[in-house]
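Protein chains: 10
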Amino acid sequence: MNITETTQGLLKAKQDKNLTFEAIGKAIGRSEVWVAALIYGQASASSEECQKLLEILGIPESARDSYIQVLHKCPSKGGLITHFPPTDPLLNRFYEIMLVYGVPMKEIIHEKFGDGIMSAVDFTLKVEKDESKADEKRVNILMSGKFLPYKKW
Amino acid sequence: MNITETTQGLLKAKQDKNLTFEAIGKAIGRSEVWVAALIYGQASASSEECQKLLEILGIPESARDSYIQVLHKCPSKGGLITHFPPTDPLLNRFYEIMLVYGVPMKEIIHEKFGDGIMSAVDFTLKVEKDESKADEKRVNILMSGKFLPYKKW
Amino acid sequence: MNITETTQGLLKAKQDKNLTFEAIGKAIGRSEVWVAALIYGQASASSEECQKLLEILGIPESARDSYIQVLHKCPSKGGLITHFPPTDPLLNRFYEIMLVYGVPMKEIIHEKFGDGIMSAVDFTLKVEKDESKADEKRVNILMSGKFLPYKKW
Amino acid sequence: MNITETTQGLLKAKQDKNLTFEAIGKAIGRSEVWVAALIYGQASASSEECQKLLEILGIPESARDSYIQVLHKCPSKGGLITHFPPTDPLLNRFYEIMLVYGVPMKEIIHEKFGDGIMSAVDFTLKVEKDESKADEKRVNILMSGKFLPYKKW
Amino acid sequence: MNITETTQGLLKAKQDKNLTFEAIGKAIGRSEVWVAALIYGQASASSEECQKLLEILGIPESARDSYIQVLHKCPSKGGLITHFPPTDPLLNRFYEIMLVYGVPMKEIIHEKFGDGIMSAVDFTLKVEKDESKADEKRVNILMSGKFLPYKKW
Amino acid sequence: MNITETTQGLLKAKQDKNLTFEAIGKAIGRSEVWVAALIYGQASASSEECQKLLEILGIPESARDSYIQVLHKCPSKGGLITHFPPTDPLLNRFYEIMLVYGVPMKEIIHEKFGDGIMSAVDFTLKVEKDESKADEKRVNILMSGKFLPYKKW
Amino acid sequence: MNITETTQGLLKAKQDKNLTFEAIGKAIGRSEVWVAALIYGQASASSEECQKLLEILGIPESARDSYIQVLHKCPSKGGLITHFPPTDPLLNRFYEIMLVYGVPMKEIIHEKFGDGIMSAVDFTLKVEKDESKADEKRVNILMSGKFLPYKKW
Amino acid sequence: MNITETTQGLLKAKQDKNLTFEAIGKAIGRSEVWVAALIYGQASASSEECQKLLEILGIPESARDSYIQVLHKCPSKGGLITHFPPTDPLLNRFYEIMLVYGVPMKEIIHEKFGDGIMSAVDFTLKVEKDESKADEKRVNILMSGKFLPYKKW
Amino acid sequence: MNITETTQGLLKAKQDKNLTFEAIGKAIGRSEVWVAALIYGQASASSEECQKLLEILGIPESARDSYIQVLHKCPSKGGLITHFPPTDPLLNRFYEIMLVYGVPMKEIIHEKFGDGIMSAVDFTLKVEKDESKADEKRVNILMSGKFLPYKKW
Amino acid sequence: MNITETTQGLLKAKQDKNLTFEAIGKAIGRSEVWVAALIYGQASASSEECQKLLEILGIPESARDSYIQVLHKCPSKGGLITHFPPTDPLLNRFYEIMLVYGVPMKEIIHEKFGDGIMSAVDFTLKVEKDESKADEKRVNILMSGKFLPYKKW
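Chains as they are written, first to last, in the numbering used here: chain X, 16 to 168; chain B, 16 to 168; chain W, 16 to 168; chain V, 16 to 168; chain D, 16 to 168; chain U, 16 to 168; chain E, 16 to 168; chain R, 16 to 168; chain F, 16 to 168; chain P, 16 to 168.
Hints may be right or wrong, so weigh each one.
Some chain R residues near chain W, calculated using beta-carbon distances under 7 Å [to be verified]:
no. : residue
1   : Thr21
2   : Glu111
3   : Leu114
In short, the hints are calculated from the structure, not lab data.
Backbone N, C-alpha and C define an ideal beta-carbon position, used for all residues, glycine too.
Start from the sequences and build out the full structure, keeping to the hints where you can.
Quick look at the structure:
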């Protein structure tokens, strides 16, 4: 993984304070996935969000400005995974899902919505732990993207 | 896309009968996404499922055997998308989601479950149309995979 | 280039009738670029648009249904250029523009709009011939895409 | 992104002085896009342009020579985006536009101009913010390149 | 190979103490292959396993914490081999086995088990030295993975 | 997959006679994996082995010569999997095993044998079904290759 | 090489009439290299040039129209070499020249002309045979491209 | 570009002394292109050539030995351009010339010389500025390589 | 492998007449390796060599012309191996030799000859079977290429 | 090239003592090619060989241990050439030989030996200078690898 110094600093602070992304998310009022995306340099935050984040992480006042400059900026996204297809087995399963179920999803979306796409920008993502069954735990992932119809002109 | 003659025959029958994947799924008792995966050669069906599918699609008795041979076999999966990253904008958004939110998802999953992966085999996927808001339609995708912890030995 | 039989049939009819994309566009009430995109399998048309297109191209009634089935469907987009970077010098210049001016454009867009993207779906594109100068002709390309701000959740 | 120390120094000065590319462009008498291209190492400047740029950015006299040496030189262009297709969603949309609308643009250009290309060297590019509609902002991009006909010999 | 400082430190300690992976494995109560995977950053260990490992390797108390932080974390797996196919002849033979015997193995597994896969997560691997024959030594590799049947839904 | 007509003919005969690779292997006196490799064009057979194979598959005398010509020849091996890393999830797990456990295996082999490789030519491979546990089936793969020490000269 | 039927037809006619590219070039009034480029689908010809070409090649009147349609069209250029770097040793030397002498040429061009490029569109290329030395023949290649200075705006 | 410290030192000396490659070439008695190739690490020089080069560049006696060691050695050639196809527009035009005119050149060379290649080792290259026309400057490139016929044995 | 119809025809004739490359080579007066290269489309033959080859292979007079046209032409070389690195284990060993011993060979050649290369055009290659040892057979490959010193100019 | 500090240290000592690989080889009792392979990190040496090598290179006693640790270890082989196909013209000729003569060699080897490969591990390689002809020097390369027949099981 291709991780910046800013990300390393924030992750270390998170580890030192023994915080989960869930706890940070609650403190800021944002989803844990979005918080992880922010810390990994895949999203940008408002000044207020920056302050709350740095406070709960216990970053000293004197060091906050340099963090805010990075967190506040529109980042160059998508560069975390330096090899593709990803070599990490967990990440590789998402690639496999796309290979196997990508075209079926495309067909179902067109059948339900017409010609267009699911936005990956006006988009939210949740990860949930399903422990309802005795002998298995399930990872549930909920994606929600605005449907964008193709414009004609 | 790299589509077999079997898939073409089934898609043509579906179009001639003006059926949706949803309707076929209900007739077979399976999800519309799984049905699309089956028709696109990404899953295998039991004899009973094959018969129900071919019946609702109106495939004549005489032609069913050759379809069943293919639908019943364990396919070579994942070859539908011949260029990668996918050039189709709808499919490309799933690639983008992986690039931007892949590592955040990995971290959240490890935080909630420990070292392991979400299975893409003991796995289900739903596509839903959310029309609850007046000014936008949303594509909701629900993935559910069994958590597989890494074995030590 | 990777061209389907449908595209070949429509291009041959266009050539036989000696029509420009501009003329076809006017007859249908759509931009010439969108018409070219439709004929090259990169867009989908309404039934009415299909009928107008096939009429002006002089496709006989008997052959129209098979054309409409393809033109009406949501296509698998983006597969025309089979080698990338494109080997054709005209297409290669667009690749070069992205390499040289891509990051500057990104920075300017963020400076003017904040964190988000220019949509390539809610999007229009025009090609104009500028002959205002005596000793040179210029190709002017006008792109217009909706700004999509990144959602936080 | 692959950014040199010169670029980093200029971007930091720009941030410290809280200047936009637009403001710098006006001070130098050049377009904001060209100024961004210059700062990102994709263009070369005259001595006069260098001086104006360094002055408005507040670079001290003593440090200017080393900046001028770089800004004045013909750079090795096009190396900013180190992964291709670009992983950043905003940049990726330009790639997508080329995949979907590239061949249609090629056909329209040939129809209007004959055999040749749009120059990417005798070329200008503008980014405009269209706020004429109440419920959407649009990114407008205007490219203008000299048409170069293929020479026969 | 792409080796972290943690891995280098552990390998140096192993060399200084003249320990084999087999000896370390016995001390910890784990297989030598799993121990090698752990040291090379491909697995994560419990606190107890970490302590035992660092003790047998003679890592001083004061340095243990930073090792434990890394060994305890769920790593980003699969990044050791930076060129693929691997250039190292020993590793390349595994690639060759996959090319030549991969599809035959797939067919045999489906014949014996039905549609599904061999897990690489609920998985163990042993390397044995077979010296039963006078004129040759053989490398025996024993892989065992849980069969995961494809879920239908 | 990239399958020749010879392979298709043999697979069809196998299916028509409802034979498993195991049954064919027993009839010929060879392992089922080697038989699958032969049928998939990854190995060459003696005249006697060819005759036995064609007999059990019920290939008529008149058609045997053209099969023997192919089965008897030293094939161009390794071309079955046309995309790499393999897109099929079952095959992809072998790739993943190499990424995660490849370097650990290399280190263990060197520790046990010294500098050299496991041959993939003087090599055997078995696939076994382990049903000894009530709640899981396991795929066991046993590879055995001659150790080849690096020659010095 | 990736050769169209049009190219094959023209090359066969050239061979049947035992003509060199040089002889064809003289008959048309164009360089032999341009003629070869035209026949290989890398250039477009005027109606008059088409007629002269087809006449000297002895293409019968009845077959000319279909040739003219292709020769007259602006082709999709650059797709002849399907593998890159080229596997053919003669072509590979041009790739090698670029690797070894490309940057030196770039520096010399900038030193002589300033920031800009040599056009490959307003461009001519000659191949000459130098037999002035007794013990060697030399291939001389003369390229001439218009210098295009980078526009500022 | 991938430039060594030796190259950087020589280029800096060249800039400090305000020398062109042409001037250095004259002083050494070699072509400016060869001199640029030498400085960029693509050629090796005799001791005498090294001394002349270092003298005209004003490298102090004490530093000359380390330069001579590098300039005198047979270098690993061809590694300057780290991305291929080259992203720099000037270099990219040479790639484009190969794509469009490579096969025509091959055919012309075979027609004039028979089966063989133009050497890129027994090879010279000149860059000339043609200002004979009022309204355009042209870059002329003259390559000359020994013809090497294919040996039969 | 990417084999033309000409090659297939010649190989079939060779098999039907039960000839080895060695026998054909003796009949023509050329090395067996060169003969194999010719038949696989990697070399060109004189008219006399063509006649001798077709005679010994028993190609009927009426079919010879079309073979001669191909065998006599300068072929597009190097396209036999369609995947690279080669998937075939025998071919892959040559790739491995280059990876492991390529740089050592380069250094030894420079040490013995100075700056230059071994020609692959003024080049011969032999394959010999060494059976001098009781318990092993060895493949001996003898390559001989003219040394080409780098020209200075 | 990707060269370790160990290799750099040994090459510098070799240059300082003005030794050829041939001289070192004689002193150690090994071939010059193997010595070069060892120094470039592609082979491993016995303790005695290490001592002899370090002695003739004049490495001081105090520094020998760290060299021995590396030279004695089984290295990760094949990583010297970081770009493939190799950009260096001398190395590239070996790649070209494989492309042009690889399949002919495969066929000749199978004709002489049957189904199997030439080992690249039980393998030796010599480079010789042939000066027997007045007007040319030739590079002769002699490879000898054990033939390994494919095992059946």
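Hint by hint, here is what the structure shows:
1. Thr21: Status violated, d = 29 Å.
2. Glu111: Because about 6 Å separates Glu111(R) from the closest Cβ in chain W, which is inside the 7 Å limit, the hint holds.
3. Leu114: OK, holds: Leu114(R) within 7 Å of chain W, min 5 Å.
Of the numbered hints given earlier, the model fails hint 1 alone.
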